[in-house]
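*Asks:* Let the sequences and hints guide you as you build the complete structure.
One line per chain: the protein sequences are A and B, in this order. Number 52 in this note's numbering belongs to position 52 of the first sequence; there are no gaps in the numbering. Number 1291 in this note's numbering belongs to position 291 of the second sequence; there are no gaps in the numbering.
Treat the hints as calculated values from the structure; they're not laboratory data. Glycine is no exception: its CB is placed at the ideal position from the N, C-alpha and C atoms. A hint or two may mislead.
What the hints assert, rightly or not - Here are the simulated lysine-lysine pairs, DSS-like style, with alpha carbons at most 27 Å apart:
id: 1; chain 1: B; residue 1: Lys1216; chain 2: A; residue 2: Lys257
id: 2; chain 1: B; residue 1: Lys1019; chain 2: A; residue 2: Lys257
id: 3; chain 1: A; residue 1: Lys246; chain 2: B; residue 2: Lys1284
id: 4; chain 1: B; residue 1: Lys1299; chain 2: A; residue 2: Lys257
id: 5; chain 1: B; residue 1: Lys1299; chain 2: A; residue 2: Lys18
id: 6; chain 1: B; residue 1: Lys1018; chain 2: B; residue 2: Lys1263
id: 7; chain 1: A; residue 1: Lys207; chain 2: A; residue 2: Lys193
id: 8; chain 1: A; residue 1: Lys257; chain 2: B; residue 2: Lys1321
id: 9; chain 1: B; residue 1: Lys1322; chain 2: B; residue 2: Lys1263
id: 10; chain 1: A; residue 1: Lys52; chain 2: A; residue 2: Lys246
Claimed, not checked - Far from chain A by the CB rule (all over 10 Å, computed), these chain B residues:
id: 11; residue: Arg1016
id: 12; residue: Lys1044
id: 13; residue: Glu1047
id: 14; residue: Phe1104
id: 15; residue: Asp1128
id: 16; residue: Arg1149
id: 17; residue: Ala1173
id: 18; residue: Ser1178
id: 19; residue: Asp1292
id: 20; residue: Glu1325
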Amino acid sequence: MKILVAIKQVPDTATQVKVGGDGKSIDTAGITWIVSPYDEYAVEEALRIKEKRGQGEVVAISLGPDRVREALRSCLAMGCDRAIHLNDAAWSAVDTLATARALAAVVTQEAPQLVLCGRQAIDDDMGAVTAQLAELLGWPCAYWIMEEAVDADGKTVRAARQVEGGLEVFDLPLPAVLAAQKGLNEPRYPTLKGIMGAKKKEIKDVKAADLGLGAEPAQLAVLGLEALPPRPPGRIIEGDVPSAVKELVRALREDAKAI
Amino acid sequence: MAGAFWCIVEDDRQGRPKKVMAEILGEAARLGGGPVEAVWLTDKASEAGLTQLGELGATRVWLLENAAYAPYRSEVWSAAVAELAARESPRAILGPVTSRQREFLARLAARLGVGLAADCVALAMDGDTLVATRPVYAGKLLARVAWARGPWVATLRPNVFRPADAQGGRTAAVERPSLAAPTAQMTLVERREEASTGLPELAEAEIVVSGGRGMKGPENYVILEDMARVIGAAVGASRAAVDAGWRPHRHQIGQTGRTISPKLYMGFGVSGAIQHLAGMRTSKVIVAVNKDPEAPIFKIADYGIVADLFEVVPQLTTELKKLMEK
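*Replies:* Put into structure tokens, the structure is as follows:
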């Protein structure tokens, strides 16, 4: 069974992101880049499916500039068999739909039985590519997956998705697209052997023209980025606990009108 | 004539729209870019629910009632709404940020070949176009975005937009359009309900109380739940508490959890790691209780108490109970 995992490289969660000189993108100086955390759950799950079945191939794919090779290399170190890097200036200002189109073109070429993605990339927080990819392929899709099981003959995946108030379990005929939620699994750390082995694995560079795609204008464009307005200075309520608590409740009621 | 602003109904699965719909309908009316209409996909609507949508300002309800629409499947919903949109040419399609609408509206946007702006916290008409403001990097920055063409598809964050006032006597025309029979590839096996705590959902709650590493263990969250019950709050947690296995991930606030904007956030034993602050700093009022006066959360708190949370919480619950009983 062939599984494709779509990942994104994002700034580490501890990054203090700043607006860049163009006012539309972030200042990337000094940023530590990581594989978006939700995508790691997707990679881990793909590897577990392959291990459980005792055969198959896991292909990591990502769209972005040269630095993204490093993120793909981490996926190979975790155990993915090979990687595809969508690396073209034509994709320098892609929105989720253009990303989904590029991914869909690769999926059509590669013909995997399952595509796994993370719930959302923690940079633009759009959480859209998984559903958009499913739509473009005409495949069923389940979001925010907390558990999954592919049946023995590889025809169906049973997936539990998180919704308000509980879990809903669905059978999806394969091929299908799933979006991983935190809690699905605990991603492994690459072993030294995995890291060494990753250096020999293939990362294929793919251009838009290879997929029959040209540059297309983004359907959603960023007009500008700005820092959040600073919050007004707060106050520390002094005094012993009983009087501080009383004063807090009074202030919440009378000054802030929050309760 | 400009096309309508469609508001996709989020319901309680019992035939009634959720409270957040007042915010979506209210914002659509405030924008004034076109008639406000509701689109409701459900297996069974209620008369009361239709009345409610009218009172909240929907001039028309597109009622798509079919057993195939519940539980929602994005493949089925997007086909239905795309078919209707092709006929009616709405100007905008808006919905609240919920697990299903985030997926569905993304899929619909792809089907329509238009842009999607998820988790918006402000919308404005700029001449003839819509401009949306949305947090990125879990709220560390704000992005202003615009669409190349319509319909403009967006999800709106709960608790941010001013709700419409229900006005008795306002009614919506109910249309039951005939659409192609739904076809679904995926089928429901079972639904596992969570044991109800009687507390609101984290994403929708107006008040959130949150516990961090300072809670010391999972058994201590009961004191936060007691307080939450008194004031109708949801209980959240920091990543440290979730990673320690004290609370389920759906309670996590921050960059790898929920990003929230309640009217009141109260953090107990939460230090305020950057990725947690990103997830709650747009709360209207922030209260922090922590033993450590250097905890970063105090930098963004409106009110802080430097003390042991195990002393503060029971007393605070008592005081809040007194206030609520007044």
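*Asks:* Please flag the earlier hints that this structure goes against, numbers listed from lowest up.
*Replies:* 1, 7, 10, 14 and 16
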